[in-house]
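**Student:** Note that full-length UniProt numbering numbers the sequence shown so that position 217 is 217, with each residue one more than the last.
Note that these hints are calculated values from the structure, not bench results.
Among the hints, a few may not be true.
To be verified - Dumping the calculated EDC-like pairs for lysine to aspartate or glutamate here, alpha-carbon to alpha-carbon at most 16 Å:
1. Lys224 <-> Glu186
2. Lys22 <-> Asp38
3. Lys88 <-> Glu98
As the list claims (entries may be wrong) - Between beta-carbon pairs, the in silico distance windows are:
4. Ala233 <-> Gln201: 32 to 38 Å
5. Val117 <-> Thr197: 28 to 34 Å
6. Ser32 <-> Pro78: 53 to 59 Å
Since we're looking at a predicted model, the values are computed, not measured.
For each residue, glycine too, the CB sits at the ideal point set by N, CA and C.
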Amino acid sequence: GPSGVNQLGGLFLNGRPLPTCKRQRIIALAASGARSSDISRSLKVSNGCVSKILGRYYRTGAVGPKAAGGSKPRMATPAVVARIARLKLEQPGLFAWEIRRQLHAEGICASSGTPSVSSINRVLRTLPSDLRLATEPRDPRPRVSPPAAAPVPQPPPAPGSPQPPRHRSGGRNRTVFSRQQAEALEKEFQRGQYPDTATRQSLAAATQLPDSTVRVWFSNRRAKWRRENKLEAGGAGPGGAGAVPEPRVHPAGLAPGGSPAPAPWQPLESPPFAPLRP
């Protein structure tokens, strides 16, 4: 870790214990009768650190620091691993702490050797597949597949309900409309091609059709209406809707209403100009 300087000017490393040589120096000065405060100022080590080192030395006689990294995890034996796998396969809903309590109750391992909850979870995560197969109960009797059940006839679909899917490529479920439903939909379409939400919901309630089916019907009906208009406009002949009407010719001297027709317009002739004299 990064180094730092304490209040006394001494160097230290974060997360690292005091070197053994300095620890021995602290114990030697304390054995010679020096106080902890004097040792702290002399070696530039905090007074709390000196007190901890001396207190541990007086209790245990150890000079070096404690082991870093925590305690070593308890390794489960193969028998314990097999029992854990068996319990989990028999009761998949068991938690790790329940498996630990069951192991302790069965006396498979001593109380001091019972694996922890984290160890049991680690065993369950890393359980090999071959061990799972080995712990599964095997039935020596041959398995006989049950006879296939006869297909149950399906009733015919009711009007307005989606037909069952057909086994053909590219098939699509189509809705069969009754005559009353088709007439009600067509009547509403003649009123307006784009019904609002309230109209669509009331129409769905009256025809007993889903709102989505009503929306799809109106969308398809509008597309059909556009196709029909396009075909009529494209196939119109000289007398059809797309032809330009020819001008009507009336008898000479009569207007469409029978009144005398006005005289045709003629340009006025301008009088001849006299030649300019020089």
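**Student:** Work down the list of hints and note, for each, if the structure agrees.
**Tutor:** Against the structure, the hints come out as follows:
Annotation: proposed proximity of Lys224 to Glu186 holds, straight-line Cα distance about 12 Å (limit 16 Å). Distance restraint check for Lys22 and Asp38: the Cα-Cα separation of roughly 15 Å lies within the 16 Å cut-off, and the hinted pair is therefore satisfied. The hinted pair formed by Lys88 and Glu98 meets the criterion: a straight-line CA distance of about 10 Å does not exceed 16 Å. Between Ala233 and Gln201 the beta carbons are some 35 Å apart, a value that agrees with the proposed interval 32 to 38 Å.
For Val117 and Thr197, the Cβ-Cβ distance of about 56 Å falls outside the hinted range of 28 to 34 Å, so the restraint is violated. At roughly 56 Å, the beta carbons of Ser32 and Pro78 sit within the given window of 53 to 59 Å.
Hint compliance for this structure: hint 5 alone is broken.
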